[in-house]
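Residue numbers (the working numbering): 1 to 115.
In case anyone wonders, no lab produced these hints; they're calculated from the structure. Among these hints, one or two may not hold up.
Within a straight-line C-alpha distance of at most 20 Å, the following computed EDC-like cross-link-like pairs (lysine to aspartate or glutamate) qualify [what the hints assert, rightly or not]:
| id | residue 1 | residue 2 |
| --- | --- | --- |
| 1 | K76 | E46 |
| 2 | K64 | E88 |
| 3 | K75 | E46 |
| 4 | K64 | E46 |
| 5 | K86 | D103 |
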Amino acid sequence: QVQLVESGGGLVQPGGSLRLSCGASGIIFSIYHVGWYRQAPGQQRELVAVITSVGSTNYADSVKGRFTVSRDNAKKTVYLQMNSLKPEDTAVYYCNAYNRPRDYWGQGTQVTVSS
Numbered sequence: 001q002v003q004l005v006e007s008g009g010g011l012v013q014p015g016g017s018l019r020l021s022c023g024a025s026g027i028i029f030s031i032y033h034v035g036w037y038r039q040a041p042g043q044q045r046e047l048v049a050v051i052t053s054v055g056s057t058n059y060a061d062s063v064k065g066r067f068t069v070s071r072d073n074a075k076k077t078v079y080l081q082m083n084s085l086k087p088e089d090t091a092v093y094y095c096n097a098y099n100r101p102r103d104y105w106g107q108g109t110q111v112t113v114s115s
């Protein structure tokens, strides 16, 4: 059974940092690309960052220079380091592991940026 589990969310003040983790089981993790998405209340889910199976990365303009995505294939985990957090970063963050046609999602972790 394939599982993706996000962790590391929470409440943080503006300007603070969080590191999200996405742990996988049941798949050959190293061949999957992984995307981090977020969805704020009343808004569409948006792509935040992607890391490919070979480690190439791409970011949404809104998080460039603040967020860093990385992966540890031995641990079957992808990380999203989020620095200089802003209130507009508040959302549920999801990870998505895909290797078409296979496509898996985690359950999400809440990130709230507020003073």
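The hints, checked one at a time:
no., hint, verdict
1, K76 with E46, "violated, 23 Å"
2, K64 with E88, "holds, 14 Å"
3, K75 with E46, "violated, 26 Å"
4, K64 with E46, "holds, 14 Å"
5, K86 with D103, "violated, 30 Å"
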